[in-house]
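A.B. asks: Taken in order, these protein sequences are the chains called A and B.
In terms of this note's numbering, the first sequence opens at residue 44 and continues consecutively.
In terms of this note's numbering, the second sequence opens at residue 44 and continues consecutively.
Because the hints were derived from the structure by calculation, they are not lab data.
There's no promise every hint is true.
Unchecked claim - Pulled a few chain B residues facing chain A out of the computed Cβ check, cut under 7 Å:
#	residue
1	Ala-92
2	Asn-110
3	Thr-112
4	His-113
5	Asp-114
6	Gly-194
7	Ser-198
8	Val-312
9	Ala-443
10	Gln-455
As the list claims (entries may be wrong) - Calculated cross-link-like contacts (lysine-lysine; reagent style DSBU-like; alpha-carbon spacing at most 30 Å):
#	chain 1	residue 1	chain 2	residue 2
11	A	Lys-469	B	Lys-80
12	B	Lys-80	A	Lys-118
13	A	Lys-80	B	Lys-492
14	B	Lys-80	A	Lys-492
15	B	Lys-118	A	Lys-118
16	A	Lys-80	B	Lys-289
17	B	Lys-118	A	Lys-466
18	A	Lys-119	B	Lys-80
19	A	Lys-119	B	Lys-289
20	A	Lys-80	B	Lys-469
21	B	Lys-436	A	Lys-80
22	A	Lys-80	B	Lys-515
Glycine is no exception: its CB is placed at the ideal position from the N, C-alpha and C atoms.
2 protein chains.
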Amino acid sequence: MTKVAEKNTFPNYPAGILHLKRLGIDTYQEPVVYISKDSEVCRSEGFGAQSRVQISTKTSNIIATLNITHDRILKKGEAGLSEAAWRLLQAREGEPARFAHPEPVESLSHVRAKMYDHTFQPEHLQAIIQDIHAGRYADVHLAAFITVCGGDQLSLEEIDGLTEAMVRVGEKLTWPVSPVVDKHCVGGLPGNRTTLIVVPIITAFGLTMPKTSSRAITSPAGTADTMETLAPIQLSLREMRRVVEKEGGCIVWGGGVHLSPTDDTLIRVERALEIDSEGQLVASVLSKKIAAGSTHVLLDIPVGLTAKVRSPVAAAKLIQVLETVGQRQGLKVRALITDGSQPVGRGIGPVLEAREVLAVLRGESGASEALRSRSLLLAGALLELSGRVELGKGLDIATAILASGQAWKKFQAIAEAQGGMRKEPKLSSQYQDVASLCKGRITCMDNRKISRVAKLAGAPEDKAAGVFLKVKLGDRVEPGQPLYTVYSESPGEMAYALDYVALHEDIITVEQGK
Amino acid sequence: MTKVAEKNTFPNYPAGILHLKRLGIDTYQEPVVYISKDSEVCRSEGFGAQSRVQISTKTSNIIATLNITHDRILKKGEAGLSEAAWRLLQAREGEPARFAHPEPVESLSHVRAKMYDHTFQPEHLQAIIQDIHAGRYADVHLAAFITVCGGDQLSLEEIDGLTEAMVRVGEKLTWPVSPVVDKHCVGGLPGNRTTLIVVPIITAFGLTMPKTSSRAITSPAGTADTMETLAPIQLSLREMRRVVEKEGGCIVWGGGVHLSPTDDTLIRVERALEIDSEGQLVASVLSKKIAAGSTHVLLDIPVGLTAKVRSPVAAAKLIQVLETVGQRQGLKVRALITDGSQPVGRGIGPVLEAREVLAVLRGESGASEALRSRSLLLAGALLELSGRVELGKGLDIATAILASGQAWKKFQAIAEAQGGMRKEPKLSSQYQDVASLCKGRITCMDNRKISRVAKLAGAPEDKAAGVFLKVKLGDRVEPGQPLYTVYSESPGEMAYALDYVALHEDIITVEQGK
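Just chain A, with the same shape it has in the complex (with noise of 0.2 Å):
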């Protein structure tokens, strides 16, 4: 209905490209582009620090959060990358980009809208996983989605559709075979490696076992991390479906393959918020699971003081949620109980957690007890649950398969066919041991502030650093008599680690005259 006039006397002016840089800064999963303040770009756009700016190239285009740099870290015509900014644009040093306002984020509405108690249809979920997905929500914006669906805000069908708009944006594995089983452990319990274990139990039974796991994010250590001291981990979707193909189950990192990709945005955020919510828990579950082409899944549900989750009642609640859901998804989910009262056997640390795994594994006289039995009860429950063993059978057969050691055949197996069996890896030769001053009873091993030591020694980057448990609840102590061996690479984590034991006392906690 308006008409520029004939007068206008400006060219049509191109808009504003600048050649990108990759500047090494990381930022973590948040893509950010560093522009000049004097930058013709920024002028004409009006961008200002932390605008949202699209850049495009000529092959992909993202959007990323704006820095303003006053100083001389980039030449005129330049523009700067962060390590996922280049990443995610696949971009090439000195590639021209082009920088303009992106479209508005619909989904974000949605983010809104359930704010004032809106609910989540699944196409709205759709619409914001794959907008997370594909770059557009800052983190402030997943900071706004994550407290939405926090504390139990999410109904069964939200958590529903969530699970399916997890697993729609990332790839979906596809077995011939029927079924094909999984096992999780809903995290928080040092130690509890017993994945190392189970997998090679149930291929050896004829199961197949697709297995991704995570590296340590807070932890000492992921299952990923202590695999990775045996053998390798880093494969791609290609390389798992060759190996699982060949030996029936795999152990692999699954930030490698790429099964519901948005899990990893979310967890980050997540975590820096420190929110536990139960919806996004159980779509993070569910979604790997489902992506990964299983049919039947097991879940270890740890239960503790300082462990995730703290008590039976919000155990319960959790498993039902976990069942519904996986059901919907048509998905055989059964969640067990287990003791998160302390860690799971006394290694805590990379190399110090594969050491008890091995010894398991070979059925060594010194292994852990608490290890073995926890993975064996496992291992039977997810044979019973696969319906190829009855009800009951399952615990002797898993016995059975470890004892004769087809197990340690398997993982050995599976351990070539992911690139070679390493070397028996080594523990530290700098290592201390912490004793308990007074004479009596172990009532309290706090699981959290354990983890703590182990991290300040350095794991999971030095993988041979960690503790090393001398007691368990319930061992009665001498004056003197060592609780753990903290192990170290380095003087200065060996310190950290021991100013932080010297500071707190409920660690192991010893109760006199009991």
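Go by the hints and put chain B onto chain A.
C.D. replies: Positioned in the frame of chain A, the structure of chain B alone reads:
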């Protein structure tokens, strides 16, 4: 209850020290620290990308978000700081600082509890706002806080508590006189520069009006930007007090005087999230007024389809909350619902608006009647609200003060006290008319799109850029008749604005045959 055994052979290791370097990266208000991947501090503290890091110098300490650098931006032993981190820490180039894990931010537990529908107690809100003020909240934490306050999830008691908390963390002015009056417009209407006319009328009458205004964040001009074309606005609290003591009033930039200092932080993340939270809006407006020492506040609430408040019902609800919370805080609040269907006056952009204001103050024959009558309405209502003028007499008194030239004289006196009246601001010599394509009547003027044209043309950074309207709602126009003129200071920006005009037919709607 534990002791470290005697054989500890490691010396106590010095905690991580690095030397500070100003990197010149503007991350807006979020403090960011850049540390090299190979740095011992990263390794020994177990810091990863986006860890929260406590940085302590001899004199100050802050918490910042970590970005890890892989490149040679930093030398060995250096840590880079973003502009916000540099400012907050009051760092000096090369100064040594200690890097450590921060204490957990306890007040985040209240944010999490609110997700489970717990109620914020006043002390919770004080703890949260204190932590925000101290920079302990990362942007994702701010986003979570804003989200749990979003929609209408805050009760009157909670809004009251939030307002009080926001006042407490900043300076609070007191005045030896009463009443101390103020006005505030709940945004969204371009050209609405009544403040520059109301303040001199009210102060010429003899009342005290210590007015602080904001710069544009997403609009083509804030009151502070417009005033700045006529006089200095960036005064300290002490200088502001001196101006008010001398002239009875001022029009200064709120950002310089740190009243309710967390407000800017919250608004920044609210805008990124595009969340309009009633509770946050009320706390934002009232906390600034209370901190300025005001006792009587008049609120201008423009209602219109493209204004911030879109319906009389929404306005009535907002007014009720503003008045109730105001009363609890000992503030007399009155709100006027005004026409928000089109811009006020004709100029949009700092210089264009300032010229409209000057014309009204000087009583020029070509002055905007809309801006004049609206200013008089508000000034009259504020005089009556103060209790110093009989009900029904305010408008006449305000009109007389303006007509007599007293307001213009007072405006010049205030400008002098603030640092000196500037030379008459000039229009840009680069301009372009946008004409109607048809014969008809103006039936709609889109405030948001008109603002967008002015911003694309360069406002508010380019003071003389913007839009000058030549029509108003209800006017009849002929084909080719100019609807508005776009002013710009660069060909590039003119082209951006005109491209936008060409693509959007509904900036000003001309209905044919009406």
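A.B. asks: It remains to establish, for every hint, whether it holds in the given structure.
C.D. replies: Right, here's what the structure says about each hint:
no., hint, in the structure
1, Ala-92, "holds (4 Å)"
2, Asn-110, "holds (5 Å)"
3, Thr-112, "holds (5 Å)"
4, His-113, "holds (4 Å)"
5, Asp-114, "holds (3 Å)"
6, Gly-194, "holds (4 Å)"
7, Ser-198, "violated (15 Å)"
8, Val-312, "holds (6 Å)"
9, Ala-443, "violated (41 Å)"
10, Gln-455, "violated (33 Å)"
11, Lys-469/A <-> Lys-80/B, "holds (26 Å)"
12, Lys-80/B <-> Lys-118/A, "holds (24 Å)"
13, Lys-80/A <-> Lys-492/B, "holds (26 Å)"
14, Lys-80/B <-> Lys-492/A, "holds (26 Å)"
15, Lys-118/B <-> Lys-118/A, "holds (20 Å)"
16, Lys-80/A <-> Lys-289/B, "violated (39 Å)"
17, Lys-118/B <-> Lys-466/A, "violated (37 Å)"
18, Lys-119/A <-> Lys-80/B, "holds (27 Å)"
19, Lys-119/A <-> Lys-289/B, "violated (49 Å)"
20, Lys-80/A <-> Lys-469/B, "holds (26 Å)"
21, Lys-436/B <-> Lys-80/A, "violated (52 Å)"
22, Lys-80/A <-> Lys-515/B, "violated (38 Å)"
Checked against the numbered hints above, the structure breaks hints 7, 9, 10, 16, 17, 19, 21 and 22 and satisfies the rest.
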